[in-house]
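Combine the two chains into a complex, taking the hints into account.
Sequence order for the protein chains is A and B. With the numbering used here, the residue at position 21 of the first sequence is 21, and numbering never jumps. With the numbering used here, the residue at position 28 of the second sequence is 28, and numbering never jumps.
Accuracy of the hints is not assured; some may be wrong.
[To be verified] Now the in silico label distances, taken between C-beta atoms and shown as ranges:
id, chain 1, residue 1, chain 2, residue 2, range
1, B, C96, A, N163, 54 to 62 Å
2, A, T174, B, N51, 39 to 47 Å
3, A, Q213, B, S63, 44 to 52 Å
4, B, T10, A, K129, 25 to 33 Å
5, B, N114, A, K129, 19 to 27 Å
6, A, V140, B, T118, 19 to 27 Å
7, A, R147, B, N80, 32 to 40 Å
8, B, G134, A, G85, 22 to 30 Å
9, A, K58, B, D27, 38 to 46 Å
10, A, N181, B, K9, 34 to 42 Å
11, A, T174, B, D92, 16 to 24 Å
12, B, E53, A, P119, 18 to 26 Å
13, A, S145, B, Y36, 45 to 53 Å
[What the hints assert, rightly or not] Derived pair list, reagent style DMTMM-like, types lysine to aspartate or glutamate, alpha-carbon separation capped at 25 Å:
id, chain 1, residue 1, chain 2, residue 2
14, A, K138, B, D121
15, A, K164, A, D52
16, A, K62, A, D100
17, B, K61, A, E55
18, B, K141, B, E113
19, A, K129, B, E113
20, A, K138, A, E55
21, A, K138, A, D100
22, B, K151, B, E90
23, A, K144, A, D173
24, B, K61, A, E184
25, A, K129, B, E53
26, B, K69, B, E90
27, A, K58, A, E202
28, B, K69, B, D119
29, B, K61, B, D81
30, A, K129, A, E55
31, A, K144, A, E202
32, A, K129, B, E66
33, B, K9, B, E90
34, B, K69, A, D100
35, A, K212, A, D80
36, A, K177, A, D80
37, A, K129, B, D27
38, A, K58, A, E169
39, A, K164, A, E184
40, B, K69, B, D81
Derived by calculation from the structure, the hints in this document are not laboratory data. Just so it is clear, CB atoms sit at the ideal spot from N, CA and C, and this is done for glycine as well.
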Amino acid sequence: MKLHSEIKSHNYLPGKTMIVLTLVFSMIALTSSMKYKSDFHMSDTADGVKKDSIESVKAFMKVYEVLMSPRCMNCHPAGDAPLQGDDNHVHTMNVVRGPDGTGLYAAKCSNCHQPTNVPGLHTPPGNPKWQLPPANMKMVFQGKSPRQLALQIMNYNLNGHRNKAQLLEHSKDTLVKVAWNMGEGRTPPPMSYSAFVNVWNEWINKGGYAPKQ
Amino acid sequence: MISLNVNQKTYQVDVDPNMPLLWVIRDIIGLTGTKYGCGVAQCGACTVHLNGEAVRSCVTKVSRAEGQKIVTIEGLSANNDHPVQRAWQEIDVPQCGYCHSGQIMSAAVLLRENPNPTDQDIDEAMSGNICRCGTYLRIRKAIHIAAEMQKTKSNTGQTKNSVSPVKI
Ligand code: FES
Ligand code: FES
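One chain only, chain B, in its complex shape (with noise of 0.2 Å):
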């Protein structure tokens, strides 16, 4: 038996340590918002946070997983309200929608680590994530967006605890 967290729910699996994280997650949990597409590390299709981290499912043993803080894209927010969520609500951004539960996994830690994110970092966090439908324009856009929105709602919580610094 294996212990794993996901979404902050305490799962035994009885399963191969070798077995991929992805297939544990879609098949065993039944979560099925994270998508297979390469299996190899290369498209970005299967990220998931593990211990905050944009990881590769398809390729991360389930041993690697065990114990640790699994999160999927059904456990990003607690009601689809996550600001990149928002986002990516806001323009349309998926077209056939298979590599954005990916994307959406992604841009979630590119701006935990950077608030304000140049086209340039987007492109240096973004470019494993693969969309044969080609949305990268919007997926940029909607980056930006999502950063926006991050801002306000900072701001906000700054400005109800924020107290004058003194001047002598």
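With the rest of the complex left out, here is chain A (with noise of 0.2 Å):
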């Protein structure tokens, strides 16, 4: 009888050690195939720019400046509402996101919004496709500490689903450009364009690194 159990057990053991270390392995896979989703960038390096977690957070620092700034953040709004001025008030008109971020019904966006500015103060600047982050990907800027709005942008599933390169394209944008012509009465985000471009580039060549806070 005591035979016959350390037989079965030692029979036993062996199958029940695969199961737990093929659970194990595939766990350690999963994971690791998500956080290669999550942090894309993170993984290599371009034109053979080095990673440097310093010089890339230094470059966030100064993204963030211009992603803070009332010509970005008013169409990144942690509400449903877009805001307005350099204040950054709430939108008049009571206009909404709307499912796709382009409005609702006789408030669409481009009612009044035309594909290019109206001259004159108080008019409404233009651009072809204006519009919000759809209702399903929000994309707040209002409210995020330069840390989690880092995170925020380099996770493909909280960035529009941009890999690294659709990333790096994206200050190319006609409705992130637009930033810097919208019309009279309307200040500009706190530097060039091109130095905005070198430094948003520079920011995740150089690994998109998050700042500590």
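Take a look at the structure:
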């Protein structure tokens, strides 16, 4: 009886170990594939640019100043209404995001925002694709700390599903560029457009690191 | 020459492509139902439909409307019988009336996209249309009435055409 149970347990253990090991390995594999998906741009270096967490974070702090300027943040609000003005007040006319970010019903962005600026003070600034981020991917800037914002932009699942190349390309989007040409009475972001593109690229190419806070 | 389709009629107009659509509609074509309130997209008096969207014609350059489909208050319905127009008449919404061609054009888009709007939906659609006489409560009421009128119409249509599903 004793012998039987010993033999039994002897045979039984390796099988159990195998199952446990398989589980552990598949969990490691799954976790690392998830990590790769969200931290895609941390995993390589582009154009021979070396990763450098200090330089990368330094560049991001300049990027942050631009993204938190009214010209960028006003369309990345914490709520569902866009903001207006240098003081980030809630957009008049009670306009809202709508499911795809282009407004709702008779209050769609492009009903007032034309493909180009309208001359004069207090007239709607223009762009052919004027809109907020969509409701299922709000990409909020307002209220975010540098760390929170950097992590959000680096996260494929929170940044509009952009990989590293698409993030780099994004700085050339006309809806980003328009921040530097928003018509009369609107203060532009705190550095030139080309300076912004440089720090944006530097931040990402040097590793896309997030500041500590 | 710029070719415009307004209320299903084609017009050839010899104007600066930067001229606001509102100017062309009122001063060149002569359709004066659409009103000028502010000229800077703040009030909604100038609302017309451009390919079905309630655009502000005071800031829309005529070049944006070239070859597109424009509908003004004069062309919203054949006999002033769009449900929104009928509801407006039923409870006498206007006070001075100045804002109402814009209000009606905006409400028509709301009801097309949301046949059963709540008070909140109405606020979200209509807050950009300002009424200096403060007829907002009647506007809201009339939109609910128009929604009902629209439903009755489409229900009749459905009954006529519907086929009872066969259950196996
Ligand atoms: S006249 Fe166009 S919005 Fe006021
Ligand atoms: S009824 Fe007079 S402005 Fe609206």
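**Prompt:** Could one say that the CB atoms of C96/B and N163/A fall in the range 54 to 62 Å?
**Reply:** holds (57 Å)
**Request:** Would you mind confirming whether the straight-line C-alpha gap from K62/A to D100/A stays at or under 25 Å?
**Result:** violated (30 Å)
**Item:** 19 to 27 Å as the expected CB spacing between T118/B and V140/A, which holds or is violated
**Value:** 26 Å Cβ-Cβ, so the 19 to 27 Å window holds.
**Asked** Is the hinted pair K69/B and D119/B satisfied, with a Cα-Cα distance of at most 25 Å?
**Response** violated (30 Å)
**Message:** Hint check: K129/A vs E53/B, CA-CA at most 25 Å. Holds or violated?
**Reply:** Holds, at roughly 15 Å.
**Distance restraint between K129/A and E113/B, which requires alpha-carbon spacing of 25 Å or less** = holds (21 Å)
**Straight-line alpha-carbon gap K144/A to E202/A, limit 25 Å** = Roughly 21 Å separates the two Cα atoms, so the pair holds.
**Request:** Would you mind confirming whether the straight-line C-alpha gap from K69/B to E90/B stays at or under 25 Å?
**Result:** violated (29 Å)
**Item:** CB-CB spacing for N80/B and R147/A relative to the 32 to 40 Å hint
**Value:** Hint violated: Cβ distance 60 Å, outside 32 to 40 Å.
**Asked** Taking the CB of Q213/A and the CB of S63/B, does the distance hold inside 44 to 52 Å?
**Response** With a Cβ separation near 49 Å, Q213/A and S63/B satisfy 44 to 52 Å, so the hint holds.
**Message:** Would the hint linking K177/A and D80/A be met if the CA-CA limit is 25 Å?
**Reply:** Status holds; Cα separation ~23 Å.
**Message:** Check the hint pairing K58/A with E202/A against an upper bound of 25 Å on the C-alpha distance.
**Reply:** Within the cut-off at roughly 9 Å; holds.
In summary, the numbered hints that this structure violates are 2, 7, 9, 11, 16, 17, 20, 26, 28, 29, 30, 33, 35, 37, 39.
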